[in-house]
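Chains as they are written, first to last, in the numbering used here: chain X, 655 to 1062; chain A, 655 to 1062.
It is worth saying that the hints were derived from the structure and are not from the lab. Everything hinted at is true.
One copy or any two copies: either way a pair holds, since identical chains are not told apart in the list.
Below are the DMTMM-like pairs computed for lysine to aspartate or glutamate, each with C-alpha atoms no more than 20 Å apart in a straight line:
hint, residue 1, residue 2
1, 685, 803
2, 897, 673
3, 783, 686
4, 718, 994
5, 709, 994
6, 718, 992
7, 718, 1008
8, 897, 699
9, 709, 992
Everything numeric in this text was worked out from a predicted model, so none of it was measured.
These are the residues of each chain, in order.
Number of protein chains: 2
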Amino acid sequence: MDLARSPLALPFPEIPPIDGVTVRVARARYKEWDRADLTFIELAEGTSVAGVFTKNVCCSSEVKIGRESVAGGTARAIIVNAGNSNAFTGYRGREAVEQIMAQVAGHLACSKEQVLVSSTGVIGVPLPKDKARDGVEAALMAEPCGWEEAADTIGTTDTFAKGAHASAMVGDTRIELGGIIKGSGMIAPDMATMLGYIFTDAAVEPVFLQTLLSDINTRTFSCITVDGDTSTSDTVLVCATGKAGHAPIASVDDPGADAFAAALEDVCRSLAQLVVRDGEGAQKFISISVSGAVSDESARRIGLAIGNSPLVKTAIAGGDANWGRVVMAVGKAGEPADRDRLSIGFGGHWAARDGQPVADYDEAPVAKHLAGQDIDIAVDIGLGDGRATIWTCDLTHGYIDINADYRS
Amino acid sequence: MDLARSPLALPFPEIPPIDGVTVRVARARYKEWDRADLTFIELAEGTSVAGVFTKNVCCSSEVKIGRESVAGGTARAIIVNAGNSNAFTGYRGREAVEQIMAQVAGHLACSKEQVLVSSTGVIGVPLPKDKARDGVEAALMAEPCGWEEAADTIGTTDTFAKGAHASAMVGDTRIELGGIIKGSGMIAPDMATMLGYIFTDAAVEPVFLQTLLSDINTRTFSCITVDGDTSTSDTVLVCATGKAGHAPIASVDDPGADAFAAALEDVCRSLAQLVVRDGEGAQKFISISVSGAVSDESARRIGLAIGNSPLVKTAIAGGDANWGRVVMAVGKAGEPADRDRLSIGFGGHWAARDGQPVADYDEAPVAKHLAGQDIDIAVDIGLGDGRATIWTCDLTHGYIDINADYRS
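Isolated chain X, as found in the complex:
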């Protein structure tokens, strides 16, 4: 099944080389396809690393091992296998990951723990060790390539290459951040795991880098949903090579910490939104802004209940300002809410205020907004100061086509 390019796709951005980062790709032929499917990202000595991983308890060996390795704080290489997720493959899957770690560590003369491995694709088939060995060997010897080629190589059912760029000033030093990501949401562990990689030449201590990433994650990658299904392999890594040459950032009080954090959040938000823009069957990009909740976390949960509701998503697909379904989703979220304080709007127009339909509600501008491609839903809970924004896509016939009619 050939997937058409998402109507919500964005062009791949201009991302400059990041000092200390070299990208290569090769063909391991994990599937019967004519494309590169193994990515090797080499990192300069002294590169700091931080990561966030899936909360799915049935996670892959890559995630289990990766979580331990990232705790060490430094990395020299990332290997990404596309076409086989190596999840639910027991000890054989683990052996394949350890083989790759040893092979790359030998080449770079670093420790195994400094080699991070991700895999994405079909579940339940152990990653073939011979293909992995030959693929890694080819990648180690390959000519360096650009970011867009790497973004294409880590993809599986993605319909477009996804990247983001930001820069910031740390004191007098300009630093660059570049990131790539793959995924059509968390909706298909055998087809579309989310894997994201962000690189910067900034110098950032590992512990502080992890603190920043974990915090930013709650407002970016943890705020997107396609259908609420959580992949077994989700991974986002941030690598800071330090090649920009400024004094290392180790806490929020250090010069440039705020600027770096803001730039990192920009890149994370852009990458997260790109995954939604490639959501399976997506025709509309939906932003759900929740305010007035008892806390930010409560707002996030309410937003996700709305964003995961098949009823809300099909209503948007049909261009229907069906605020009753939003009420339902708020009510089922399991978070504090009061029916008689609830307000709901679309595209800047309130449809319901304080628990009742707006008296002079004019559906015409709302219908026009819903006919567009970028949909805004506003929900005010009326109880506190908690707020969050969730990004999702609509639920269409395309989703059924991809996931039911297609035999994986």
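Once you have looked at the hints, place chain A on chain X.
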């Protein structure tokens, strides 16, 4: 949009008259349609009542008031309005419910709290008081009708009338239980709320009746899902008229308590499954049996995570034995699970045991099972004795048609 009769529909069963229960229907014309849409169920003096209601915090006035009324333990009448859910309508909605309670209480010379009201249909439009008054007046004067006519009258987008029957011996007395239900799942608060009513001539003390219903609910109505969206109006009531004449059942130790509880559970399970069989767009009926969880409640949550997964539901729609998606759903449930102890099977055949694909797995009999209409998924967590069974349906193009292409 005319909805075709569900391919999973069952014929309406033979339900005998229940002594102490009289059913009448009338036309309130809540919508522009040519059908009865108001049901009046009269209950003999001394009838015990118990109820379970939606947990949605944005529930309707009917649910808020009904919850308080049921706490009184006795009921004389049930009024069901179809075509307007009266949810999210503020004080005006509440006034309409109170008007109906007063009108019926005046007719029966009972207290207002003994009149239970349910409404189902569009959200956000206050129930018109004049139509309700005339409709109730007509219903009070109407000739009694049968169970199937009542089941048709409480329905909205249901594609078939749904009922269940059981009988049991309490000492030497044969008692009858009859129930009707409406709903195409909890998937559409403006289209398809779940409302269920069960009647028996058994004599059961209200507190014990409530204990039984609350317990049975955890294994029946709380074990079905169409898409995980929780209606704002869900209600199930059990009414025991006591007309069978045996000594009242007030505890598990009383004669007939076990027989009555088993019969009540039979009726509840049948009614719950009928709702799934009328799930929007359903082509297959799916039973998910979870064993080996750390508790029954943990098993239920895992089963619901599987049953609510759009990925699992689309895989079944496509006849795909995609056990990787079941692994994913188990892992995201937030319950204790160990990837390396997990086993998954379809139609009596294990596809994966103890965290790995079965070595000599033969897909032929599994593919044959999945081509059928009744699908069994077995999941063993391998950690404890907790078990639960969840019933759901597949996710098909019909679901999108009904909820996106149809403007409610």
